[in-house]
Each structure stands twice: as structure tokens, then as C-alpha cells.
Amino acid sequence: MSKIVCNHCHLSFEQSIMIKDGDMNFCCGGCQTVFHILKEENLDSFYEKLGNKSIKAPLQVSNRDLEKFDSQNFLNNYTTKTKDGFTQIDLILEGIHCAACVWLNEKILYDTKGVVQADINFTTNKARVVFNKELINLSEIIKKIRSIGYNAYAYDSTLANEQANKAKQEFFVKIMVAVVCTMNIMMLSVGKYTGFFTGMSNDVKDMIHFAEFILTTPVLFYSGFVFYKGAYYGIRNRMVNMDLLVSTGASLTYLYSLSVLFGAKGESYFDSVAMIITFVLIGKYLEVIGKKSAIDTLDKIKSTLPLEATVIKNGIKETKALNEIEIGDVVEVKIGEKVPVDGKIVFGSSSFDESSLTGESLPVYKKLGDTLYSGTIILDSLVHYEVTKDFKNSTFSSIVTLLEDSLNSKPKIQTLANQLSRGFSLIILSIAFATFLVWYYFGLDLGFYFENTNQFERSFITAISVVVIACPCALALATPMASLVGISELAKKSLLFKEAKYIETLANANLVVFDKTGTLTKGELEVSHVDFFSKEQENIDILYSLLDSSTHPVSLAVKRYIEDNFEIKNQILLEDIQNVEAKGLKAKYKDIEVLGGNQALIDDFNIAFNSESKTTQYIFALGNKVIANFELKDEIKDDAKELIDYLKSQNIEIMMLTGDNEFVAKSVANSLDIKNYKAHLSPKDKADFIKSQKDIGKTVVMVGDGVNDSVALSFSDVAIAMGNGADVSMMVSDVVLLSSKLKSLKDAFIISKKTYKHIKQNLSFSLIYNALTIPIAMAGYIIPLFAALSMSLSSLVVVFNSLRIRLK
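So in full-length UniProt numbering, the last one in the sequence shown is 808, and the numbering has no gaps at all.
Errors might be hidden in some of the hints.
Stated by the list, open to error - Keeping only pairs whose Cα atoms sit at most 30 Å apart, straight-line, the calculated DSS-like set for lysine-lysine is:
id, residue 1, residue 2
1, Lys757, Lys641
2, Lys389, Lys535
3, Lys493, Lys641
4, Lys392, Lys143
What the hints assert, rightly or not - Restraint ranges, calculated between C-beta atoms of paired labels, are given here:
id, residue 1, residue 2, range
5, Lys313, Leu66, 31 to 37 Å
6, Thr319, Ile592, 55 to 61 Å
7, Gly114, Asp548, 38 to 44 Å
8, Ile577, Lys317, 41 to 47 Å
9, Asn151, Lys317, 41 to 47 Å
10, Ala771, Phe456, 26 to 32 Å
11, Asn565, Glu318, 55 to 61 Å
12, Ser682, Lys625, 22 to 28 Å
13, His384, Phe800, 22 to 28 Å
14, Ile312, Val177, 55 to 61 Å
15, Glu581, Ser649, 34 to 40 Å
16, Ile652, Asn565, 40 to 46 Å
Calculated directly from the structure, the hints in this document are not laboratory data. All residues carry an ideal CB built from backbone N, CA and C; glycine is no exception.
Assemble the whole structure, with the sequences as input and the hints as a guide.
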């Protein structure tokens, strides 16, 4: 009976089982339903993109479990909030088979009201979906995906890691089978090759061939199944990959050896088949080990947090899992324990080891009201604290999420590698076929072959060597392997890169722009001199109230001075408090203008006062009269000069931008030997300067505090937020330095440059290796056995060269 093609999945079935729908034929109700959904949604162009390819019939998934996707517990565990207030979730999609499947799922999600973003990674089937919870529920999104024949479930990194370990174990078993069989084949080969010189009888040689056949078969079809599987999916998606090269080379050699075993003239190469599979498997396994070694950095970080915490409720202690702890809960931490989630101390005081966040080995003393950060260790006393952030949004969890995202991202240079490797395998198969034809039709007799081999055998084995020795794998590994190791090494130094692409950008930067306060200086301002022109109590109270309304470092320093030297009797209620950008604050008190800020603010209000100060100033004025002038000092960081000298040695231009006065800016610049600086700048002025530098082709890195410099940071090619676990601004920056020490920034440049250098080395080696070895194989000077060994070694060279990034 003739078969008919299904109009949706393009698979062929007997006519008797097909569902007739007008002129259409469907193999099942699922295909019929999906076909009509796509028609109604105007997504039938999916079939044009699918072309002649087939897909599996739609997954038949029940919708009975949809309620769980909207439960608060599920949303708390698997979703996060974006900076725009939308909800984000990572999903794993089942049923993705090709680029058309990716297009279809992205298209139908983007066309769904309430879905803001839908990006699907074809390699991992991982989808990042951002949606407006007010307009659509997660269950509706899952149902939409299921309606077109696919399924989705929440991505769990722990589960993914378990699956990776399981795959690694299965890989190891395959290798053991291959190694044991290959070692026995090698022993037989010793006898076979010795027999060439000692006159071995044909019967004995046939027995050896048969034994090799028995041992080679499980190596090829069990241990080597991974290559057949990879080749199959590659062909289905119209891709010629490395797996196809390996499986083609091994299979053709196996078939040729079989023909020799059953009477054809020539020599068998079962030993080469087994060794091709074994060498390449070992190479791939070592690649996995190398990758796992790099990823283990993340696993070690994640494993340092406890699984549970002690929560006190109505005087009763109970144990809760971290994801069950809610904001407002009171948590108890004992000596030696790790803080599970962020919060503020409500009972007790203690020193805390914050080295896991900042890299700083000295303990930090925390008292009542101070903030605690997840991942830090309590050292000398029991503490109770009130939870201010749930587990998912706590400092430590945010760091882990950031690391996971960076490990999954790709640097720009990988685009070049992808372009080079695209079509590589197809070219190699074409070259191998051409090599066979040239050798066979021109009767070439070159290379290392035994005298009794025939022309077909020589041509065939030479072509197989070309197929096996080519290594697109080394080219494909060149960038991701080095990036993986680089990101892991940066994480060890408390340097968090949001995406791997910033490694490349940082390595190629030619201008670094620094903020002054809190970046090049310690940001610990102290009042060094005060001129009080009126010490009336009411004026002191008004000044303190104005200072209390600001969190600027200058205001905080003056506030501390007032608290230490004066008595505050009344908290004054000021009206119309406004921030004057880059100058200070203004307010009203009984219709009197209240001012607090720098000289530029005083000048704006035409108040006659000029102190000629050469330090940071805070001038307090009431009406048209200056009441007090505070001069503050801020020490330069100990390692600032070391960083500046390093950047100069790398021929990187340095610029310091500050809102402070000219005298202070010049003093800091001279101390650090910075030639270029600008003072009296507003945040907009800083942003305009960075934009102007980018417009003339410079790659700009901006280093600031991540909050006050948010506008300037957003305009730079790489935004780096200085700080410690207390004030990391992850939303603003591309790179976060958890330590406030500038040595961390130097490490960021060193490791980024080293990583980028190793990426280029890997790419160069891969190209040179293929350019040299393929012609040698075409000339007949490499047999398949050594071709397999060479190809595996080339991949390992890339892996081990990437691991060299760890060396100092």
C-alpha cells in the first residue's frame, strides 16, 4: 500500500491510518490540531522554513498539571524580576529538532500578549522567557507551547549538573569497553605485523582478522554510537560535523576490512577502526574533564551555602529550607555558620569573614542595625537578624546567577570561529573524495604502504586518513574552552563578568575612565577643617536635618562630624528638598533658602563667598549668608598607583572624571601621575565625554561606584562597578568587582588579556594544524591509526592550552 506524507510533520505513513481533512492528510489528531493553530495564528510560513525536513509528531502532553506553574512556591523558586519589573524564567523545551522549531516557538511566544522576550538556544534547548505577570500567567505560556506540539519545564541547574555527571559516567563506560578491546587488538596486531616478515600462513592471518573483527564490532557500534548519533542529528539539521567525519572514516574502514575478511584481496584495518574510535573518545572525555574542571568553580561556590537555616517565630526555633525563608523572618546564626540570606542585625554583634564576597581576609565587625550578606561567616558570637531579601535575590544567589549566565554566554570572537568551522567538515569530505579519485585514476604510489597493497586499497586508506586527521573540533573548542577557564579564574578573584564577551572587550580596551571618589580614593571622607560663622543651635539643627536627607559621601562625612561635635536638640522639618545635580542640596525653612553643597552651588545663588579651598568642600548657607564651610580630605587607595602604572605599561590611555573642584582633581591626578583629568563635571558631562570618545573609535572602560555614575557607565563599552558585597550595583555594570581594592581591577585586565591571547593561540593552532596535516595525509604519509591519534591530540592541545590560563 502506498504511503502518504503528513502535511504537518512531513513523515510518511500508510494511507489507511491517515486523517483526511479536505485536501490535507494528517498522521494524528495532534498534527491536525497544530496545523490549524498555525493557520489561525498566521504562522504557516513555518512550513516554508521547515522545507523538506521532517519533525516528530507533536508531543501529547496533558494540561492537568498547569496549575503548579502559577503557584507562589513555584514562581519563587524558578522566576526572577527584571530591572523593568517583568518576570523572567528559564525553560527547557522538549521537541526542538531544527532551526524551524526554534523560529516557530519564538514567533508564537512573541505574538502572545504579555510576553516581552523569548530567546531560545538551539544547542541547549534552553529558552529565556520574559513576561508581564499582570497580562499573562506562566501556565498560559506553557499551554501555548504545548498547543503547537512542544513541551516546557523549568530549568534547574542542579538537575542539569546531575544529568551531566550521569552522561560523564556513561561516557567512561564506553571508553573502558573501547580501551579493553583495543588493547587486545593491539596484541593481535603485534603478531599480525610480525607475520609479514616471518611468513605467516593465510589460515593464521584469517584467524587474527576474525578475532579483530569480534573485538572491533563493540568498539564501533557501542562505544562509537555517540558519533553515529551526533552525525545523524547533524545530517537531519543539514550540518556536516566532526561526528560525521569520525563515523564515516571508521565505518568505511570497517566495511573495507569486512570485505577483506570475507575473501577480497588486501589487508584488514580493524585495528585502525578500534583505535580511531578509542583515541577520539579519550580526547572527547578529556575535553569533558577540562570543561568540568572549569565549571567546578561555580559548583564549589554554590556548595558553600547551607541547605537550611534556623528561623525564630514567636520564640520558637524551626528549621527552614533557604527558598522557604521569607522577608521579615528572624534568622539565628551561630559561631562558624554561614549567613544564608541577606538581612539586618536585630540582636547581638560579631565579626564576619566576608572573604567569599570581597576577597578581603580581615574580619568585619557588625553591630545592631548593620547589614549582613549571604555567604559570609560569623566568627565570634551568636547573632539574630531580620531577613531583608529572600534567597533568590540575596547577594550570594545573585552572584551565582551572574556566574551561570556568564558561563553560558559567548564572546564576539566566537562568531569568527563559527564562520570558519561552518562548512569545514563538508569541505574535508569533498577533499577526501577528490584524493581517492586522484590516487586511483592516476595510479599514485606514494607514502608508507606495504608492497603487496593494491591501488584501490592505497587510494581508499589515503582518503580515510584525510577524513580522520581533519579536526573541526579543535576549531570549535578554541573560543568556548578558553572563555570557560577565564570566567572561572575571574570568579576566583571575586570578579564577576555578566557575559563572556566583556573579556574580549576589556582585553582590547584603549581608554579607561575613572571616577575619583570611592574609586581611586578610599571614599572615606573626613572633615579636616571647619569655619563656623554662626553656631546658633537652630542653625546646627537645620544643617543636621539637611545632611540627614542625603546619602552622598560628602554629606555623610559632615553628618558624622556634627554628631561627634555637637548636640542635636531638634529634628527640623525642611520643605521642598531638591538635589542640584553635581552641586548639592537646596531646601526651604520658613521661606528661607537652605543650601548645602560645593562652591558652584553657592555661586548659582549669587552668595558672596569664596574660600579658595584646595580640598573637597561642603558649604552651608541660610538665605544669603554662609553659616559654615567644611573642608574634607580623602586618601588615595594604596594600590591605585600600581594599577595606573600597569595600564600605562599596556599603552592604555587613562582619564579621571570628577564632580569635585579643580584643586582636588589636580592633587589626585598629580599623585597618581594621571595626565588627563576633568573636574566640575555633572553625571551628564561624564556621559557626554564617554560618548564623544566612542564616536572617535575608542573602546572605553568606565570604572565607577555603580550608582552615582550610572549614566556614564551605561554609555561605556565595559561598565565596571567598584565596591564590596555591601553596595554592588549589578544592574548597572557589566563587570562587578566585589572587592573595593584596585588590585582586583588589575587582575581583571591581566586575566582578560591572557584569556583573549589564549583564544587567539587556539584559533591559530587549529588553523595551522589543519593546513599542515591535511596535505600530508593527502600525500599518503599518514595512516588512519596515526591520523586518529593526531586529531585527538590537536583537540587536547586546545584544551590544555586553555587550562594554562590558570598558571601565573
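Hint by hint, here is what the structure shows:
1. A hinted pair counts as satisfied when its Cα atoms are at most 30 Å apart, and Lys757 with Lys641 qualifies at roughly 26 Å.
2. Restraint check for Lys389 and Lys535: not satisfied, since their Cα atoms lie roughly 43 Å apart, outside the 30 Å limit.
3. Proximity of Lys493 to Lys641 is assessed by CA-CA distance (about 20 Å); at most 30 Å being required, the pair is judged to hold.
4. As the CA atoms of Lys392 and Lys143 are separated by approximately 26 Å, the hinted pair is consistent with the 30 Å bound.
5. A hinted range of 31 to 37 Å for the beta carbons of Lys313 and Leu66 is consistent with their spacing of about 33 Å.
6. Range check, Thr319 to Ile592: about 58 Å between beta-carbon atoms, so the 55 to 61 Å window is met.
7. The hinted range of 38 to 44 Å is satisfied by Gly114 and Asp548, whose Cβ atoms lie roughly 43 Å apart.
8. Checked against the hint of 41 to 47 Å, the C-beta distance between Ile577 and Lys317 comes to roughly 44 Å, which is consistent with it.
9. A beta carbon spacing of about 42 Å between Asn151 and Lys317 agrees with the range 41 to 47 Å that was offered as a hint.
10. Here the CB-CB span from Ala771 to Phe456 is close to 29 Å, well matched to the stated 26 to 32 Å.
11. At about 47 Å, the beta-carbon gap between Asn565 and Glu318 misses the expected band of 55 to 61 Å.
12. A hinted range of 22 to 28 Å for the beta carbons of Ser682 and Lys625 is consistent with their spacing of about 27 Å.
13. A hinted range of 22 to 28 Å is violated for the C-beta pair His384 and Phe800, which are about 50 Å apart.
14. One distance hint, 55 to 61 Å for the beta-carbon pair Ile312 and Val177, holds here, with the actual separation near 56 Å.
15. A hinted range of 34 to 40 Å holds for the C-beta pair Glu581 and Ser649, which are about 37 Å apart.
16. The supplied range of 40 to 46 Å is met by Ile652 and Asn565, whose beta-carbon atoms lie about 44 Å from each other.
Consistency note: the structure conflicts with the earlier hints numbered 2, 11 and 13.
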